[in-house]
Amino acid sequence: MSSLPHRASLVGSPGYRICVAVAGATAAELMNRATTALSENRLIELRLDALPQPALAHPLLQQLSTLYPTAILLATCRRTVAGGAFHGTAAEEMAILASAARHGCALVDLAMESADEATPAQLQHFRAGLRAAGTACLLSSHDFVHTGDLQQTFFRLAHHAPDLAKIVCTAATLSDNLPLLRLLGEPSDIPRIGIAMGEPGLASRVLALRAGALFTFASAAEGQATAPGQLTAGALRSLYRADQLGPETRVYGVAGQPLQHSLSPRMHTAAFATLGIDAVYLPLATASAAELMHFARELPVHGLSVTMPLKRDVLSYLDWIDPLAARVGACNTLVRTESGAWHGYNTDVDAVIGPLEKRLPLPGARVLVLGAGGAARAAVFGLSARGADVWILNRTPASAHRLAAEAGARVAEPSMLTPASFDVLLNATPAGMQQATAIDLQGEPGREPDPEPPLCARLVFDMVYNPLETPLLQRARAEGLPLIPGVEMFVSQGARQCELWTGRPAPEDTMLHAVMTALREREGPSTPGAG
Numbered sequence: 003m004s005s006l007p008h009r010a011s012l013v014g015s016p017g018y019r020i021c022v023a024v025a026g027a028t029a030a031e032l033m034n035r036a037t038t039a040l041s042e043n044r045l046i047e048l049r050l051d052a053l054p055q056p057a058l059a060h061p062l063l064q065q066l067s068t069l070y071p072t073a074i075l076l077a078t079c080r081r082t083v084a085g086g087a088f089h090g091t092a093a094e095e096m097a098i099l100a101s102a103a104r105h106g107c108a109l110v111d112l113a114m115e116s117a118d119e120a121t122p123a124q125l126q127h128f129r130a131g132l133r134a135a136g137t138a139c140l141l142s143s144h145d146f147v148h149t150g151d152l153q154q155t156f157f158r159l160a161h162h163a164p165d166l167a168k169i170v171c172t173a174a175t176l177s178d179n180l181p182l183l184r185l186l187g188e189p190s191d192i193p194r195i196g197i198a199m200g201e202p203g204l205a206s207r208v209l210a211l212r213a214g215a216l217f218t219f220a221s222a223a224e225g226q227a228t229a230p231g232q233l234t235a236g237a238l239r240s241l242y243r244a245d246q247l248g249p250e251t252r253v254y255g256v257a258g259q260p261l262q263h264s265l266s267p268r269m270h271t272a273a274f275a276t277l278g279i280d281a282v283y284l285p286l287a288t289a290s291a292a293e294l295m296h297f298a299r300e301l302p303v304h305g306l307s308v309t310m311p312l313k314r315d316v317l318s319y320l321d322w323i324d325p326l327a328a329r330v331g332a333c334n335t336l337v338r339t340e341s342g343a344w345h346g347y348n349t350d351v352d353a354v355i356g357p358l359e360k361r362l363p364l365p366g367a368r369v370l371v372l373g374a375g376g377a378a379r380a381a382v383f384g385l386s387a388r389g390a391d392v393w394i395l396n397r398t399p400a401s402a403h404r405l406a407a408e409a410g411a412r413v414a415e416p417s418m419l420t421p422a423s424f425d426v427l428l429n430a431t432p433a434g435m436q437q438a439t440a441i442d443l444q445g446e447p448g449r450e451p452d453p454e455p456p457l458c459a460r461l462v463f464d465m466v467y468n469p470l471e472t473p474l475l476q477r478a479r480a481e482g483l484p485l486i487p488g489v490e491m492f493v494s495q496g497a498r499q500c501e502l503w504t505g506r507p508a509p510e511d512t513m514l515h516a517v518m519t520a521l522r523e524r525e526g527p528s529t530p531g532a533g
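Residue numbering for the sequence shown follows this note's numbering, beginning at 3 and increasing consecutively.
Derived from the structure by calculation, the hints contain no laboratory data.
On a predicted model such as this, the values are computed, not experimentally measured, just so you know.
One should not assume that every hint holds.
[As the list claims (entries may be wrong)] Capping the alpha-carbon separation at 20 Å, the derived lysine to aspartate or glutamate pairs in EDC-like fashion look like this:
no.	residue 1	residue 2
1	360	490
2	360	391
3	360	510
4	360	425
5	360	145
[Said to hold, decoys possible] The following label-pair restraints were derived from C-beta to C-beta distances:
no.	residue 1	residue 2	range
6	401	225	23 to 29 Å
7	133	160	16 to 22 Å
8	224	300	49 to 55 Å
9	161	276	45 to 51 Å
Positions of the beta carbon are idealized from the N, C-alpha and C atoms, including for glycine.
Start from the sequences and build out the full structure, keeping to the hints where you can.
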């Protein structure tokens, strides 16, 4: 950007849109991590405040700038009053940053609290030193508790006429991202960077560049984050395409809670890339349908995958519901039309029926469904419509009776769970997710059967897809039973979602490959079923 001092002029251009934050407990550790980060990134932040003696790192900064002449180094020495680790005064912070500029840093980050505390003469001397070094001054504000009045915060920053302004707040809800993204999109003579910390703020870290931020921040690797909710540079680039997003990029996402292990972003990002569609797919963590729909309408979002606990709650917020989803009473797919209306569908039904119909005739087949939530409703209604003899077992019997009455199914009793008493055992509960406890087939909350009863069906279908080999599938395999892994259903329902959003055939093989690769990466080569 030509308005910035010459050494920082490339900031915001391709290759300089993701800033990797690097910290170390010693100067040597900082140097090692910085060198590693610079092997793949050209814009890095060096957190000098994490060092016991920040000034000792200055020779290393000179060495880095010499070794990596195309890199842009950003020096930060944030005081404790601004949420950093440096215990010195504002004058000492400015002295360290000024020295960092002389030793090769093209950008320095001065905390707003220090700028407010400094005298006009101190600030004038500080800025003159930066100009002489060709270094840009980034003035930053950090709120580790609230979102607050971001316009007022920006006015405080702009008062000091920085080269760049950085506003960091904390998101408690999805909607806390909205004022920050709006601020980034407003015209300004001062280039801006904005981030909302925390899990609900993930959307801001990805969409900031789409909204107009000069760059965004990332960590070099897992476990090296310097702020709550910070993503890795690899995730920002490969999973969310953050550095390629523009104003026309369409936004999609998966909504629910928890989402930490969801592979929907990997699957749909692969699909969009194969189809050549300019889109980004985000995890939107919330347990509130009202919160989700407010965020989706205001951003706006163009399509959503909906998971627990929102599949039923979102119905009252939709403008139109597909008749099948209305009968099931649960939606897992939302589509925003060109007019802005929201339509709801249920792609779980076909994703349950399809794999089963490939393996056995469903009319008259005895199927035991575990659970009575949104996923179970799709299975029960779909199977009943195909003429199967459906039984429901749930830890809360009242929920099972309500679902059975609605769908023309029956409620099972633990005494019925004898070997091969059913043709299909279908798990529609979260049990087994991420190696959670095994399913209690006796339906008694709060206890694990000991020893476990034998599986009561000739075929086992687990709707849980993560991990690849759930405890239920491990048992089925040990007993020599044929099985259907949840990944088959997961990709099938995702492919239908993709078709509803894009109007084009989904690249199902690509989506399956993306999911299987991710699962095997997580589980490792020694994990059963991962080979």
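Pair hint outcome, residue 360 versus residue 145 [Cα-Cα no greater than 20 Å]: Distance ~55 Å between residue 360 and residue 145 Cα, so the pair is violated.
Indicate whether the distance between the beta carbons of residue 161 and residue 276 respects the range 45 to 51 Å. For residue 276 against residue 161, whose Cβ atoms are near 49 Å apart, the range 45 to 51 Å holds.
Pair hint outcome, residue 360 versus residue 425 [Cα-Cα no greater than 20 Å]: At roughly 14 Å apart (the allowed maximum being 20 Å), residue 425 and residue 360 satisfy the hint.
Going straight from one Cα to the other, do residue 360 and residue 391 come out at no more than 20 Å? Answer holds: residue 360 to residue 391 is near 18 Å, not above 20 Å.
Check the hint pairing residue 360 with residue 510 against an upper bound of 20 Å on the C-alpha distance. Holds. Residue 360 to residue 510 sits at ~17 Å (cutoff 20 Å).
For the pair residue 224 and residue 300, does the Cβ-Cβ distance stay inside 49 to 55 Å? Check failed, 32 Å falls outside 49 to 55 Å.
Tell me if the beta carbons of residue 133 and residue 160 are separated by a distance inside 16 to 22 Å. Distance hint for residue 133, residue 160 holds at roughly 19 Å.
Status of the given 23 to 29 Å range, CB of residue 225 versus CB of residue 401: violated (40 Å)
Holds or violated: residue 360 to residue 490, with C-alpha atoms at most 20 Å apart: holds (12 Å)
In summary, the structure is inconsistent with hints 5, 6 and 8 from the numbered list given earlier, while agreeing with the others.
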